[in-house]
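Taken in order, these protein sequences are the chains called D and A.
When we follow the numbering used here, the leftmost residue of the first sequence carries the number 921, and every step to the right adds one.
When we follow the numbering used here, the leftmost residue of the second sequence carries the number 32, and every step to the right adds one.
Read the hints as simulated data drawn from the structure, not as lab findings.
Possibly wrong hints are sitting among the right ones.
From the structure, some residues in chain A lie toward chain D, with a derived Cβ separation under 7 Å [claimed, not checked]:
1. N36
2. L79
3. E110
4. G175
Beta carbons are placed, not taken as given, at the ideal position from N, Cα and C, and that holds for glycine.
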Amino acid sequence: MGSRTQPCVVVGFATTDDAMALADEAARAGLRGRLIPIPRVLSAGCGMAWREPRDNEAALERALRAAGVAADVRAEMALPV
Amino acid sequence: MEILNSKKGLLVSGLVIGALIAVLAAAGNPANMAICAACFIRDVAGSLKLHTAAPVQYFRPEIVGFVVGSFLIAVATREYRSTAGSSPMTRFILGFVMMIGALVFLGCPLRMVIRMSAGDLNAWVGLVGLVAGVATGSIFLRKGFSLGREQDTNRAAGTVLPVALAILLVLSVTTALFAASETGPGSAHAPVLVSLVVALVIGAVAQKMRLCFVGGIRNVFLMRDATLLLPIVAIFVVMLVYNLATGGFKLGFEGQPIAHAQHLWNILGMYAVGFAGTLAGGCPLRQMVLAGQGSCDASVTFLGMLIGAAFAHNFNLAGAAATVATAEKAATAGGPSNAGQVVLVAGIVVLFVIAATNLRRRKAAAGVAPTAPAVPAEAQA
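The following block holds chain D by itself, in its conformation from the complex:
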């Protein structure tokens, strides 16, 4: 009965700036995901995270490298589509 979910890789960031840097790189790197509020299970803070379909994880890695940012936290999660 629950909503449809999608297996995703979620990366959280230490600063908003890092999240924005990845968002800027996203289109160039062929990412299909988007910024989301960092899931509560990953942080008690109110920062941002990037969710990316798990089948596109390699592109996410390339984008992180290209943006020069580090993931502060990383998880595989099933998120609502």
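For this one, chain D is given, so just place chain A on it according to the hints.
Leaving out everything else, chain A in the frame of chain D:
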């Protein structure tokens, strides 16, 4: 606990918090001010004699409850983490300006929602300023604004504010050390135990659900995500029902409790709150919750708000509530003094300076970025 962060959980949590706010309203807190983070910090500053405005001096147990409630639940659920080092003095200034803005408007974003639910159209005007302020802050976030990363620090450091506030509360209850208003908003309050218990619960729930009036709007601008607005809507609905049921609802600009109809200053006051709150990472209530879960930087922001409140009343910067005519006195329009107007505008200029001078230059193609260890897959949203 994770149920709290589903959409249904956020709505239910908001309804619970709304009901608790209604309890404080019924138990004696000031009209349309059942809870106000800014006003209550201002009252605490007065009780500690950091300012001498006689009508607004009372050691509000709610302030202690928000911080200690967050602290206790964070410790109990192993989320307490003592951190510091993210531009503390800049955060002090952000807290200071946030408080000046709130006291010109006469309320934090939570009181704004409570006033909106009572038909106070001035609060709806203030909402325009708050949204504009958050939008401005979001533009700078989008451009790379950052106060730097918080670092883990001595575990005891994060306990200083919760413990200090708890000790001060004990002193306020057991001694006559602190000032207490005999008239005015500071004299209207719920029984200490009721205030404390309600605030402890709200602090704990707010920590779990990350309640933030500024963050909720920021998420809409930056991520098209309105989830964090759900509890705020729920609080509004509960208080609307409460006000309608108790005769507290009165639609209009004039004759509203502890409010003024100086639209420009209502907008600019909340603009400063929204802008400063976005740069600091949360509204006044959220700052207290973050301080409770161990953020020394949020504690510094709290101190900025406390000192800002003292300045606001020592130097007559806060907005005055409009008054109706009596046999002895003519009606007054209220609003901030000239000094208050100048300081608020200067504060907004300072916010732009802080925003512009903390833009990080991003380095594209900076090499391999270290990646964090994976979190177990069972941590499902």
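Evaluation of the provided hints:
Checking N36(A) against chain D: minimum C-beta separation of about 4 Å stays under 7 Å; hint holds. Against a cut-off of 7 Å between C-beta atoms, the interface hint on L79(A) is violated, since the closest Cβ of chain D lies about 29 Å away. Because the beta carbon of E110(A) sits about 4 Å from the nearest beta carbon in chain D, less than 7 Å, this interface hint is met. The interface hint given for G175(A) holds, since its Cβ lies 5 Å from the closest Cβ of chain D, which is under the 7 Å cut-off.
Hint check: a violation occurs at hint 2 only; the rest are consistent with the structure.
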